[in-house]
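Undergrad: From first to last, the protein sequence lines stand for chains A and B.
If you read the first sequence in the UniProt record's numbering, its first letter stands for residue 1, the second for the next number, and so on.
If you read the second sequence in the UniProt record's numbering, its first letter stands for residue 1, the second for the next number, and so on.
Rather than coming from a laboratory, the hints here were simulated on the basis of the structure.
There may be inaccurate statements among the hints.
[As the list claims (entries may be wrong)] Below, a list of computed lysine-lysine pairs in the BS3-like style, where the Cα atoms sit at most 27 Å apart:
no., chain 1, residue 1, chain 2, residue 2
1, A, Lys83, A, Lys5
2, A, Lys113, A, Lys127
3, A, Lys146, B, Lys135
4, B, Lys172, A, Lys2
5, A, Lys13, B, Lys135
6, B, Lys136, A, Lys70
7, A, Lys31, A, Lys100
8, A, Lys178, B, Lys83
9, B, Lys181, A, Lys100
10, B, Lys136, A, Lys135
11, B, Lys181, A, Lys103
12, A, Lys101, A, Lys6
13, A, Lys101, A, Lys2
[Said to hold, decoys possible] Chain B is nowhere near these chain A residues, computed Cβ spacing over 10 Å in every case:
no., residue
14, Lys5
15, Val11
16, Lys100
17, Phe102
18, Ala106
[To be verified] Stretch-level coverage of chain A by chain B, calculated; a stretch enters the list once three of its residues show a Cβ under 8 Å from a Cβ in chain B:
no., segment
19, 20-27
20, 32-46
21, 51-59
22, 157-166
23, 171-180
The C-beta atom is built at its ideal place from N, Cα and C for all residues, glycine as well.
There are 2 protein chains.
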Amino acid sequence: MKAYKKKDFPVWKIRQFLEPGPIVLVSSHWKKQDNIMTMGWHTVMEFSPSLIGCFITPANYSFEMIRKSKECVINIPTENLSKQIVGIGNCSGDTVDKFKKFKLTAEPASLVKAPLIKECYANFECKVIDTSLLKKYSFFVLEVVKAHAPASPKYPVTLHYRGEGNFMVSGKSVSYRKMFKPQNL
Amino acid sequence: MKAYKKKDFPVWKIRQFLEPGPIVLVSSHWKKQDNIMTMGWHTVMEFSPSLIGCFITPANYSFEMIRKSKECVINIPTENLSKQIVGIGNCSGDTVDKFKKFKLTAEPASLVKAPLIKECYANFECKVIDTSLLKKYSFFVLEVVKAHAPASPKYPVTLHYRGEGNFMVSGKSVSYRKMFKPQNL
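Bound-form chain A, shown alone (with noise of 0.2 Å):
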C-alpha cells in the first residue's frame, strides 16, 4: 500500500483536510489494545487552540476507550482505503482486532498512546478537553495537539458520506481567492 512521506504540519492548518467533510478513521489505546473506528460526524470547531468536535456515539466500542484514555488520533484515509474505510466501520473492536484483519500498520505517536495508521494521508493526536455535552449528545470536544501530513499531494482524494452505504468522491479544487478580503483568508 501506499506510503506517505509525512512531517510535521502546524495544527492550526488542519481545518484545509477537516473542514471539507471527509469520512476518517479514529484510532485509539486503551489497556494495552489498539482499535479503529470510521467516522463522518465531525467538525472544525477553533483554529488556535486547534479544536475538533465530533459525535461518537456509546454503542461504538471506541467510545469508552477514547472516553477513558482521553486521547485519540483522527487518521485522513484516501479513495484507495475504500475498502478499510467500510470494513472498519462494519465490524467491532470488541471482536476484531481493526489492524490485522485490514492490514494497517500501527505507528507510535508522539503526544499520545493512541496509534497513527501510517497508510493514512495526514494523523492527527487529539487530547479530550471537553466532555460537557457528553452524555447529552455524546459529542466530544478534542484538541489536536500534533498533526502530520505529507507536502504533496497537496490534498487528499477522500471520501464523503451520503448514508445508505454512498459516497461522494472529493472531486476538483476551485481557487476564489481573488474575492475574498485579505483579513478572511
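Keeping the supplied structure of chain A fixed, place chain B upon it in accordance with the hints.
TA: Frame of chain A; chain B shown alone:
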C-alpha cells in the same frame, strides 16, 4: 437563476446532504431584518431528533441574530452560487442587505421566522436547542424541525471549503452498499 422544485423532506434524512461537509448559507431574522452568513464548521449530531452542531463566531453579525431569535435556516447552495457563497462571507449584515446585494430570494419558512433562500438546493428550518457550549466555544446545537429538498437531482454539486480562498467541488458518487451490514445502512 435556477429554481429547484422542492417538497417536504424527512428531517432524519438530511445527513445525506450535510455529512459530506458542504459550505452552507445560514439565514436568520431578528427585529424585521433578514441576514445571511456563509458557514463551513458544522456537523450532524443525531438522526432523530435531527440535530446539527455548528460553530459561529460572535464576530459575525448573524451570531446575535441567531442567539436572540433562537432560530435560523441552513441552506445548501450549489456550485453555481459560488459568487454568492464567497461574497456573503466577505461582507457584513450590519451594513449590507445581502438578499438584495446578491440577488437572492427570501421565501417564508413554515416553523421559523428566518427566511428560506429560494435559489438554494435545500433548506433546513432550525431551532436553537442548546447553548451550553456557546460562551466557551461559540457552538450552537440546532434541531432541524422542517426540511425542504427537491426529488431531482438526488445529490447537489456542492462547494467544500479548504481555507485560504480554496474550495473542493463535490465529485463522483460511489456505492459500497454491498459491503455494509444491513443494520448499518
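Undergrad: For each hint, tell me whether it holds in the structure or not.
TA: Consistency of the hints with the structure:
Distance hint between A/Lys83 and A/Lys5 is fulfilled; the C-alpha atoms sit about 22 Å from each other, no more than 27 Å. As the CA atoms of A/Lys113 and A/Lys127 are separated by approximately 10 Å, the hinted pair is consistent with the 27 Å bound. Only pairs whose Cα atoms come within 27 Å are accepted, and A/Lys146 paired with B/Lys135 is accepted, the gap being roughly 26 Å. For the given pair, B/Lys172 sits about 22 Å from A/Lys2 by alpha-carbon distance, which is consistent with the 27 Å threshold.
With a C-alpha separation of about 24 Å, the suggested pairing of A/Lys13 with B/Lys135 holds against the 27 Å cut-off. Only pairs whose Cα atoms come within 27 Å are accepted, and B/Lys136 paired with A/Lys70 is accepted, the gap being roughly 20 Å. Distance restraint check for A/Lys31 and A/Lys100: the Cα-Cα separation of roughly 18 Å lies within the 27 Å cut-off, and the hinted pair is therefore satisfied. The suggested pairing of A/Lys178 with B/Lys83 holds, with an alpha-carbon distance near 11 Å, which does not exceed 27 Å.
For the hint pairing B/Lys181 with A/Lys100, the CA-to-CA distance comes to about 20 Å; that is within 27 Å, so the pair holds. Distance check on the hinted pair: B/Lys136 and A/Lys135 sit about 18 Å apart at the alpha-carbon level, within 27 Å; holds. Proposed proximity of B/Lys181 and A/Lys103 is supported: the alpha carbons are some 21 Å apart, at most 27 Å. A threshold of 27 Å between alpha carbons decides the hint, and for A/Lys101 with A/Lys6 the separation of about 24 Å falls inside it, so the pair holds.
At most 27 Å may separate the alpha-carbon atoms for a hinted pair to count; A/Lys101 and A/Lys2 meet this at roughly 18 Å. Remark: the non-interface label on A/Lys5 is consistent with the geometry, its nearest Cβ contact in chain B lying 21 Å away (cut-off 10 Å). No Cβ of chain B comes within 10 Å of the Cβ of A/Val11; the nearest lies about 14 Å off, and the non-interface call holds. In this structure A/Lys100 is separated from chain B by more than 10 Å, as the shortest Cβ-Cβ distance comes to about 19 Å.
Every C-beta of chain B lies more than 10 Å from that of A/Phe102, the closest at about 12 Å, which supports listing it as non-interface. The non-interface label for A/Ala106 is consistent with chain B: the shortest C-beta to C-beta separation is roughly 23 Å, beyond 10 Å. Three residues within the 8 Å Cβ limit are the bar, and the segment 20-27 of chain A against chain B gives 3, so the coverage statement holds. Counting residues of the segment 32-46 of chain A whose beta-carbon sits less than 8 Å from any beta-carbon of chain B gives 7, enough to reach three: the coverage restraint holds.
With 4 residues carrying a beta carbon less than 8 Å from a beta carbon of chain B, the segment 51-59 of chain A meets the three-residue requirement, and the given coverage holds. Coverage of a stretch by a chain is defined here by at least three residues with a beta carbon nearer than 8 Å to that chain's beta carbons; for the segment 157-166 of chain A and chain B the count is 8, and the condition holds. Only when three residues or more bring their CB closer than 8 Å to a CB of chain B does the claim for the segment 171-180 of chain A stand; here the count is 10, and the claim holds.
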